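Asker: Sequence:
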Amino acid sequence: MKGKRVMAVALSAALLGTAAGVMAGCNNKGDKLIYWVFDRDMAQQVRDYYATEERNLGYEIEIETVPLESMLTRLDNALRTGTNLPDVVALEAETFKKYIDQGAQFLEPLDEYKDLTANMYDYTVEAATGPDGHLYALATNVTPGVFAYRRSMAEAVFGTDDPEEIQKHFDTWEHFLESARTLKDFTGGGDYPEGIKVISSYMDIGKVFCGSRTQGWVDENNHLVIDSSLTEGEYSMMEVAKTLQTEDLSHETTSGDGTYYSDVWDNKVFGFFQATWGLNTNLKNNCTDSSGEISSDGDWAIIPGPAAYFEGGTYHVVIKGTKWLDEAKEFVKFFSTDETYLKNWAKEHGDFMNNKQYMQDLVTDETANNAFLGGQNPYSIFIEQAEKINGEIITRYDSEINSTFEAWATNYAELDGKAPTISEAVTQFKNAVAASLTSITVD
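Sequence positions in the sequence shown follow this note's numbering and run 3 to 445.
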């Protein structure tokens with residue numbers, strides 16, 4: 003279900019130019035429906051909910067978990083050669099748009115399901131619709147972001163762990179930085195040392211800023227656009243990153259490394275920016291130390307934080323030419339529309355699924371209260387954040403440009419008093435984009 007951010011992957015225009023005709027009959031395991039997925043949890047959901055004895059499909063589903071960093075290369079090579087292709091693929095939100103934009107060449111249209119999208123979040127449907135007007139994918143989950151914090155630490159520093167009160171301390175980037183300084187100035191007490199860090203990795207703010215922009219990376223003429231929230235003003239991404247780094251307000255880890263994950267159970271870091279899927283995958287799964295003696299399980303809560311953003315998402319597509327067309331389409335339909343699956347998976351994994359009504363039902367469902375979050379029901383906050391997602395910023399270039407921009411923002415933040423200035427960093431960023439993505443016009 004998750005949509006982990008990955009480092010930039012070179013996207014070959016030549017691969018996208020492959021003629022559709024070579025893909026017909028490309029599954030060389032004709033007795034099985036082949037499903038490529040980038041996450042083990044998604045593989046498990048097929049076994050738990052779809053390919054069960056009770057459902058008795060009458061055919062086998064072969065599941066191959068392909069790491070995100072390998073998925074694009076594997077899929078592009080298969081599309082280019084027309085061999086060893088899957089029938090259904092789960093694509094991550096930062097990378098799927100390039101296939102949607104040329105859907106007629108590579109994907110089977112799913113137009114017969116348009117009537118079923120009325121209760122889905124609009125941005126997921128718009129993003130899955132190609133320039134030719136055909137629907138080429140269905141999103142399984144919606145991935146608004148939140149700020150997760152330690153309840154007991156909030157009580158020690160701010161005198162309360164109540165989400166509504168804590169939100170007041172973190173509802174803008176100005177308040178976020180003020181609260182980060184308050185945490186740093188904490189003199190210690192109870193289980194907590196002095197000098198608490200507000201977040202583990204200061205560049206985790208990158209996913210918040212990139213996911214809350216008003217403009218995507220390219221305009222309708224394919225010109226590079228840099229949203230003002232990234233570079234302009236005291237509370238732009240680059241300036242907030244620099245403040246967190248130079249004032250020693252974060253733990254200065256790298257997102258996803260060992261220390262980052264140990265900060266989930268250790269008592270040094272106040273909170274983490276996480277998308278819905280990350281609460282389970284990144285936090286709950288790492289909230290206990292290796293000895294099993296130290297744990298932060300149940301000591302968490304979530305708030306909207308300083309900006310509404312999103313990160314990741316799972317879109318299912320059917321590969322053009324599959325011999326399993328009806329079965330593949332039914333598979334994709336199930337994982338975006340089946341009420342039992344969507345509600346149960348949400349409650350079991352704390353995930354947020356792509357059906358407005360089913361998720362609204364969970365707001366008052368006590369069985370959806372999350373023990374990891376101290377019994378908090380997260381769905382009202384998830385819904386509030388999801389309603390603010392701007393799908394218009396999604397482009398086929400997001401994975402590579404996001405990573406490139408964050409690299410230059412990091413460079414700016416860590417060279418205090420030295421080159422580059424913001425202007426110089428932006429110029430270097432533009433040069434990097436122009437060199438790697440020649441189809442984009444860089445002014």
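These are calculated hints, taken from the structure and not from any lab test.
The structure presented is a predicted model; accordingly, all values stated were derived computationally and were not measured.
Using N, Cα and C, we set each Cβ at its ideal position, and we do this for glycine too.
Watch out, some of these pointers could steer you wrong.
[To be verified] As a list, the in silico DSS-like pairs of lysine-lysine whose alpha-carbon atoms are at most 25 Å apart: (1) 349 - 390; (2) 116 - 335; (3) 100 - 349; (4) 170 - 244; (5) 335 - 325; (6) 100 - 325; (7) 100 - 244; (8) 186 - 170; (9) 116 - 270; (10) 34 - 325; (11) 270 - 186; (12) 345 - 325; (13) 358 - 345; (14) 349 - 335.
[To be verified] Pairwise CB distance ranges, derived in the manner of DEER restraints: (15) 71 - 362: 33 to 39 Å; (16) 382 - 85: 36 to 42 Å; (17) 295 - 260: 40 to 46 Å.
Asker: Run every hint past the structure and note whether it holds.
Answerer: Hints versus structure:
Taken as a hint, the residue 349 and residue 390 pair is honoured in the structure, with Cα atoms around 23 Å apart against an allowance of 25 Å. As the CA atoms of residue 116 and residue 335 are separated by approximately 11 Å, the hinted pair is consistent with the 25 Å bound. Between the alpha carbons of residue 100 and residue 349 the distance comes to roughly 32 Å, so the proposed pair goes past 25 Å and is violated. Of the pairs offered as hints, the one joining residue 170 and residue 244 holds, with about 23 Å between alpha carbons and a cut-off of 25 Å not exceeded.
For a cut-off of 25 Å, the pair hint linking residue 335 to residue 325 stands: about 17 Å separates their Cα positions. A hinted pair counts as satisfied when its Cα atoms are at most 25 Å apart, and residue 100 with residue 325 qualifies at roughly 24 Å. The straight-line distance between the Cα atoms of residue 100 and residue 244 is roughly 33 Å, outside the 25 Å bound, and the hint therefore fails. The suggested pairing of residue 186 with residue 170 holds, with an alpha-carbon distance near 18 Å, which does not exceed 25 Å.
Restraint check: the Cα-Cα separation between residue 116 and residue 270 comes to about 48 Å, which exceeds 25 Å; the hinted pair is violated. Between residue 34 and residue 325 the alpha-carbon distance is near 10 Å, which keeps this suggested pair within the 25 Å criterion. The suggested pairing of residue 270 with residue 186 holds, with an alpha-carbon distance near 10 Å, which does not exceed 25 Å. Proposed proximity of residue 345 and residue 325 is contradicted: the alpha carbons are some 31 Å apart, above 25 Å.
Of the pairs offered as hints, the one joining residue 358 and residue 345 holds, with about 11 Å between alpha carbons and a cut-off of 25 Å not exceeded. Restraint check for residue 349 and residue 335: the C-alpha separation of about 20 Å stays at or below 25 Å, so the hint holds. Checked against the hint of 33 to 39 Å, the pair residue 71 and residue 362 passes, with Cβ atoms roughly 36 Å apart. For residue 382 paired with residue 85, a C-beta distance near 48 Å fails the hint of 36 to 42 Å.
Take residue 295 and residue 260: their Cβ atoms lie about 18 Å apart, and the range 40 to 46 Å is violated.
In this structure, the hints that do not hold are numbers 3, 7, 9, 12, 16 and 17, in rising order.
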